[in-house]
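K.L.:
Chains S and H supply the protein sequences, listed in that same order.
Here the first sequence stands for residues 0 to 62, numbered as in numbering that gives the first Met the number 0.
Here the second sequence stands for residues 0 to 470, numbered as in numbering that gives the first Met the number 0.
Don't read these hints as lab results, they were simulated from the structure.
Each hint should be verified, as a subset may be incorrect.
[To be verified] Capping the alpha-carbon separation at 25 Å, the derived lysine-lysine pairs in PhoX-like fashion look like this:
id	chain 1	residue 1	chain 2	residue 2
1	H	Lys38	H	Lys339
2	H	Lys122	S	Lys45
3	H	Lys339	H	Lys355
4	S	Lys48	H	Lys122
5	H	Lys38	H	Lys355
6	H	Lys122	S	Lys3
7	H	Lys38	H	Lys443
8	S	Lys48	S	Lys3
9	H	Lys188	H	Lys443
10	H	Lys122	S	Lys51
Only a predicted model underlies this, so the values are computations on that prediction, with no experimental measurement involved.
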Amino acid sequence: MRIKVDFDFCQGHGVCCEEAPEVFALNDDGELEVLQEQPDEALRPKVEKAAKFCPTRAITLAN
Amino acid sequence: MTASNLVATEPGPAAARGMSPPVLSGGWPLLGHLQELRKHPIDLFWRVRNECGEIGEMNFAGNRVVLLCGVDAQEAFFRATDEQLDQAAAYPFMTPVFGRGVVFDASPEQRRQAMKNQSLKDKMMRGHAEVIAGETRRMMDRLGEQGEIDVLDFFAELTVYTSSACLIGREFREELTAEYFRVFYELEKGTDALAYVNPDLPLPVFRKRDRARRHLVELLTGVFERRQARGEGAKKELFDILLTIRDEQGRPRYTIDQITGMFISMMFAGHHTTSGTAAWTLIEMLRNPGTMKSVGNELDALFADGSDVSYQALREIPMLESAIKEALRLHPPLIILMRKVMHDFHFKGFTVPAGKLVAVSPAISNRMPEYFRDPERYDPSRYDAGREEDRQSFAWIPFGAGRHRCVGAAFAMMQLKAIFSELLRGYEFELAQPADSYRNDHSKMVVQLAQPCRLRYRRRVAPVVDRAMEK
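Chain S with its partners taken away, still in its complex shape (with noise of 0.2 Å):
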């Protein structure tokens, strides 16, 4: 599983941050950072939430 953010999106919500913090924070100026490009498949149901929940519809999955 491979996690892609398009930044062109992104405004910084941090609805993916509530959903898995393992992967996703927003540092000190509120901007996204991925933990993790390539998280354990154990996360994928948290990830997969941050991908459906994300306001901007900035998150996709690959594999």
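Following the hints, put chain H in place on chain S, whose structure we already have.
P.N.:
For chain H alone, kept in the frame of chain S given last:
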């Protein structure tokens, strides 16, 4: 192919100038298509699409506006940078509403900073949901057993309270009365497209707008003075903080007029949009009783365990969400989104030169038959798993798309879920007019329901289950 590789974002010799977009027929001398925009804007945009295709030019009193239709053209629009396509100069009818020097005079970088509005962060949503549920109950307390409401007045008033409580501050909200929503409504009605000729023409519509704004400044001045007299300024709500900021010379940084402008701008984006969507969701559910029934059952089941609205509104309520999304698709609050071209904009062999405007129409896009099956039909099932027609990010665009996608979209959905969770469990509604008599008034750039738009209501009878159990 994505549209991003169709667009040369850098100016310079490499980007050879392409053809000029076709010009829409039927323009008047001087005014161009302005009267058509003021009377039948959606028909005008359809005419561009049918006559010119993906790209066609309209003329609003000398302002050349190139409408982009279809997902390729819309993706190019939504992906462009602020440096290439600027929002600032595209909305002349808003400047006198916000006041000079407020919001749209900010640089793209300042606006990016402002987008990180703390109050819209995910972490804040639970508190907002509680406030919204509470405000809805306060409105319901006034309804009594049965009666009639004007659905525009009802939701316009409710959303003035919710927006001000969530985005500005709860104490500030307590200062507001119904007078504010009427003044706010006057302000919204002041967005006549005649502003493309000149936003300060000596016309009744603009005089009313300016009077409403002055009235709002007076009302807010009263709020500030009362708070200061009571020594409440130390409580540090947003307006206390704004009032105490000093410049280098130690003078107040902002005048009440400027703070009023900031408050108007903060509330404006979330007010008529949410209010209109709430009204249309309710009207469409009443026109489609099957949807109303399944949403009602969904809510009853969801809250059967006595759980809190502020908790549920943050979670999935699939039927209700689809009902709202479908109202948004058919009745998008903003029917045209515009940008000013700062560097020549290229699309499939066409060039829009710097200085013109480009636009996208959610009202057209959301009903394109290529992307929406049976597009004129209110059909919430188009969002069911497997179909999910809203996943077409550059076709389903009630909130826009890309880097300027509505920053309040998540807040708005949560707000609507909280409102309907309270309202539909407390009351039953029915249409008080012929079903096809509810329509939008498009004579101003801020679209509102045309009045009258009345509904009848009756308090719901409590569930009958317990009676039998007691015996």
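K.L.:
Confirm or reject each hint.
P.N.:
Going through the hints against the structure:
Taking the CA atoms of Lys38/H and Lys339/H, the gap is near 24 Å; set against the 25 Å cutoff, the hint holds. Under the criterion of a C-alpha separation no larger than 25 Å, the hint pairing Lys122/H with Lys45/S is consistent with the structure, at around 17 Å. With a C-alpha separation of about 6 Å, the suggested pairing of Lys339/H with Lys355/H holds against the 25 Å cut-off. Of the supplied pair hints, the one linking Lys48/S and Lys122/H holds, its CA atoms being roughly 16 Å apart against a limit of 25 Å.
At roughly 23 Å between alpha-carbon atoms, Lys38/H and Lys355/H fall within 25 Å of each other, so this suggested pair holds. With a C-alpha separation of about 23 Å, the suggested pairing of Lys122/H with Lys3/S holds against the 25 Å cut-off. The straight-line distance between the Cα atoms of Lys38/H and Lys443/H is roughly 9 Å, inside the 25 Å bound, and the hint therefore holds. Taking the CA atoms of Lys48/S and Lys3/S, the gap is near 14 Å; set against the 25 Å cutoff, the hint holds.
Among the hinted pairs, Lys188/H with Lys443/H is consistent with the structure: their alpha-carbon atoms are about 6 Å apart, no more than 25 Å. Among the hinted pairs, Lys122/H with Lys51/S is consistent with the structure: their alpha-carbon atoms are about 18 Å apart, no more than 25 Å.
Every hint, counting from the list given before, is met by this structure.
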